[in-house]
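Q: The primary structure of each chain is shown beneath.
There are 2 protein chains.
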Amino acid sequence: MNPDASILEDGFICVSGDTIVRMGEKPEAPPRGRHAIDAEGGIVLPGLINGHTHAAMTLFRGLADDLPLLEWLDRYIFPVERGMDGDFVRAGALLACAEMILSGTTTFCDMYLFEDEVAGAAKEAGMRCLVGEVLYDFDSPNYGPVEEGLRYTEWLIRKWRDDPLVSIAVEPHALFTCGPSLLTAAGDLAGRHHVPLIIHVAETEADNAQVRETYGKGPVDHLKSLGLLGPNLIADHCVHLSSGEIEDLAAAGVNAIHNPESNMKLASGIAPVPEMLAAGMTVGLGTDGCASNNDLDLFTEMDMAAKLQKVRLLDPTVMDAETVLKMATIECARALGMDAVTGSIEVGKKADIIIVDTRKPHLTPLYNPYSQLVYAARGNDVTHVLINGRPVMADRRLLTLDLEAVMGTAREKSKEVKARVKPR
Amino acid sequence: MNPDASILEDGFICVSGDTIVRMGEKPEAPPRGRHAIDAEGGIVLPGLINGHTHAAMTLFRGLADDLPLLEWLDRYIFPVERGMDGDFVRAGALLACAEMILSGTTTFCDMYLFEDEVAGAAKEAGMRCLVGEVLYDFDSPNYGPVEEGLRYTEWLIRKWRDDPLVSIAVEPHALFTCGPSLLTAAGDLAGRHHVPLIIHVAETEADNAQVRETYGKGPVDHLKSLGLLGPNLIADHCVHLSSGEIEDLAAAGVNAIHNPESNMKLASGIAPVPEMLAAGMTVGLGTDGCASNNDLDLFTEMDMAAKLQKVRLLDPTVMDAETVLKMATIECARALGMDAVTGSIEVGKKADIIIVDTRKPHLTPLYNPYSQLVYAARGNDVTHVLINGRPVMADRRLLTLDLEAVMGTAREKSKEVKARVKPR
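Listed in order, the protein sequences are those of chains A and B. When the first sequence is numbered by my numbering, its final residue is 424 and no position is left out of the sequence of numbers. When the second sequence is numbered by my numbering, its final residue is 1424 and no position is left out of the sequence of numbers.
Hint data in this document are derived by calculation from the structure and do not stem from the laboratory. The C-beta atom is built at its ideal place from N, Cα and C for all residues, glycine as well. Certain hints may be false.
Said to hold, decoys possible - A partial selection of chain B residues facing chain A, derived with a Cβ cut-off under 7 Å:
| hint | residue |
| --- | --- |
| 1 | G1062 |
| 2 | N1294 |
| 3 | S1371 |
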């Protein structure tokens, strides 16, 4: 995933502290007293980056599927979220971190409530993250009225400044849930602190219609009129965009996160990803939350992303495996503004590295590592995970969390969820 | 997957020989001297059924992806298949059986060359299968001219008659590769021996156009005029069908096998599955071969099948998880004419049973087993597999094949493949 897309057939990587310090062909014996991981039979690649999650929604996995959107929100998601607290979010985020590490993800970008708990969970799990409190014009069970949400976000920015793993973004929810004054204030806050601004854009036709009805313009023009289009903007979903809107986003350097499984499962539509790439936009891949996916496995997300565009455009050559793997690594890092730190294996970058064991029937024979990773591998083919130079999984054993305790707490919290669902 | 779609929360199943003899709620201690499998924390379900494979094409996995169809066929598939022999097919089929068992598939339906080797491989692996030699109007590297293909098929039928695991079908390739006389002879042979007739139908727009140009009618009318529409016909793919054609297939009792991942990856199109189901057709699920998927995991195939129809019809309620799980079990058994034997856990049926371990982060919490199996589980969450009453996998250890030897032979064969690819 370096600029030359190098593949070393029999290589080595030396890590010192949190950083990749040397690499090349022909492994050497490690210097005395150093720890070595033998990746024989494996593909060593940069840790995957999940560009859009609502981590704590792991606790909603499989709660309510195959339903009309309004019933899903009204009976299940809203009543449960209204009664939510920090403990609940931490439990869900820890479960998410466990799942992400076990499926080879080393960095995630999150939007939800009680994000300080999500940052804490990531830190405990040893994961890299970019997180931000969701902001909207109605009251939040975390911070109350929206002014407090901006204040809470600024507090997060100060609290986590200079943390080696956690970064903070300003995250207004969407154009139909945030009025112009909130959006402008959010943009100002992000600009003042030089952090990303993250928002859902054009996820459904209905969102766009509501924006058009309220403001007399489409979502991209609305963002432009508020002065929010720019390289620090990360637009999640981007499903329903015209070619003119894509040009405008590209010209402004706006980044997109594509979430194909969620867009399919919620029947939102298919994002015009090859068109965005052709226009020069940076597009990363994300899973969205587990209420609409229902997992955080970026390997199956890559598979879906590639195949979906081929059948949409009736062209087997679009979204080739190498392009898709980049969207889950270096391009996603670029979209999140983290490509100086992670997303590729290069000297000077932080050591976010995973190993995929190919000595399995479904990964045999091996002709092409890109094809194998995108079209055949699964999250649980990952055997080792290093984040920021630290081993967090070895031989599929999670080293940073007590997995049984994390799953046990999640099962307890699922009882609270069931109790809060609105009867029919 | 019984007619009542029962879910027992804490149940037991007794198997004697190859057959399920008793089941119910509240596990009992097994009778003395009997073997017991504790499925605590697991979902016990019927073994999955792969309705359409070209098993030996595992040896082409990742060889040539993201290419235009003609380059793919002309440079890769055709030159390699021309030099193929029985050893090659057996090696690929054994690799496929290993992969299928390890991902919870207990029965598969195959179409390829040297099918006696595929039957032998399935038998060695302990898998149930319905297989048939592919027939077309040009010479085959196995049997030579087409008349010999019919003779070879009849020999297969006699050889494997009364085998507990292997059944034989008559399998002309497609309407654009088999003329009317071959199709009629194939139909006669199938009718004479009361075995299924299996053929690719309407996989691509180009197939349909060629049939229309040659015969002045669409694929379904062409099959009808040859007298081939009937309940013993299994039509693979069925991507490009009009509503009138769906009505005709349904009225005749024709069965369909849906292969969403292959249809997406080859950019063939999206089969109108909800429409086929609404018309009353029996539709099973398949993976197609590994050259166009690139794996044989029916769990991810189910996920794709559900999500693809939702986004196609912009309706999150279509292809719900229960419907999709049926397409990979009882409905697929029905499509293959094997529902008296397998596809559900019922007293009197053969014991084709798998256990999915849910004690993992990506399967926690558990609200709904259908959702979990379709939207979150993966093939390698399966821990135990019984086929025809025989344990073939226990705690993810394959009991019937030497996995290292199977993978080693596949790697050797992949060198032959690479040597035969036509240079650009």
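Q: Find the hints from earlier in the document that the structure breaks and name them by number, from lowest to highest.
A: none
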